[in-house]
Amino acid sequence: MPHIEGSSVTEETMTQISMVVNGTAMTGDVADQTLLVDFLRDDLRLTGTHVGCDTSQCGACLVHVNGLAVKSCTMFAREAQDAEVATIEGQAMADGQLNAIQQAFQTHHGLQCGFCTPGMIMATAALLQDNPKPTEDQIRNYLEGNFCRCTGYHNIVRAVFAASGQDVSLIAAE
Amino acid sequence: MYPFEITSPLTIAAAVEALENEEAQPLAGGQTLIPTLKARLAMPEVLVSLTGIKELQSIAVRDGQLCVGAGVTHANLAKQTAQYPALAALAADIGDPAVRNRGTIGGSLANNDPAACYPAAALASGATIVTNARTIAADDYFVGMFETALDEGEIITEVRFPLPQAAHYAKFAQPASRFALVGVFVARFADGVRVAVTGASEEGVFRWTDAEGALSQAFSAQALDGLTVPAEDMMDDIHGTPDYRAHLVAVLTKRAVVAAG
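Protein chains in written order, with our numbering: chain W, 1 to 174; chain X, 175 to 435.
On the chain X side, residues computed to face chain W include the following (Cβ under 10 Å):
id, residue
1, Ile-208
2, Lys-212
3, Ala-213
4, Thr-225
5, Arg-352
Hint data in this document are derived by calculation from the structure and do not stem from the laboratory. Here a beta-carbon is modelled for each residue, glycine too, at the ideal position from N, C-alpha and C.
With the sequences and hints as input, model every part of the structure.
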């Protein structure tokens, strides 16, 4: 372990980290306290992942790490060493068309200002991976950690329901 | 955050050695610690990350107990529904899915937040907290709000849960944080019933011994009629008054008994 002078750390410890982001190997030098979201946004310039609250409540920063949904504002970049990371930038299809989840959010007006949308899309992708045909209750429960301040959630729930191939008319209008 | 160094040992022994530095602090899933660091409520020089230690990741039934490695996430424990359904259900209702994918049982028990869920499960189950140095009975482990019997540099390695005949955790979730405004874990064993309450007391998780006595005589909601916990020991904050919390303790204990069956 490197020796640290004095009673408080004044110099940042830099560490080289590598991870696979949206299928591409990425490397960078980060201070140890760098959060994953800051590495993605500031170093890799993948600014689709948003910082909403920075207190792990709102879910705007949600990405997948080794297939699991995590809040990238509450994980150190170093902890993603060698991991497979998926962000909103990797979600569209190869030809640039929206994927089924993104298209459903557009079709069902599951966004207004769009700030929460990257997190919503990534949370939905994680949900449908585990549970391809979720009920309305399961959708609302799963999205508990993703805040939207525009839509009132109903259209988001509809979009997720539609993205899972289910008949949206079964969800009551409220 | 203040700058710090992260070290990532691969064994318990190496982690314990790294924690001999008195300015070092263990990092588990970080779901509490990272927000704490952001708020500058802690200033460690070194974080010793425990996530790479495979010894802390196992879940197994041994000698009739469910033995859960301290590094097991809430999400992974939630999948173990066959061994201890009430514990799995508790794990499945902590925070939100992303928090459950990172947060660990060891981290939760070491932090001992007065509104956390796992302390209620550990205390009501009569669990054993295993550390790198010793084993600690749950009855001796929870000392007070954010206080445990852990010494400096001591880390939890495993939690051993005796398997009850019936159990249930009834939680009234604080609507914003999903922490327990009050949570009651009831566990029925051949030799008696244990009831542990989280979220309610200034002293953190506690056993409601009057309810345990009544339920050990007759395991039914009616057995609890007329029993109350004193409101003066309850927390008072913007989310609930002491009277309200005391009332919830009785209501949730009854619900847990009914659901445990």
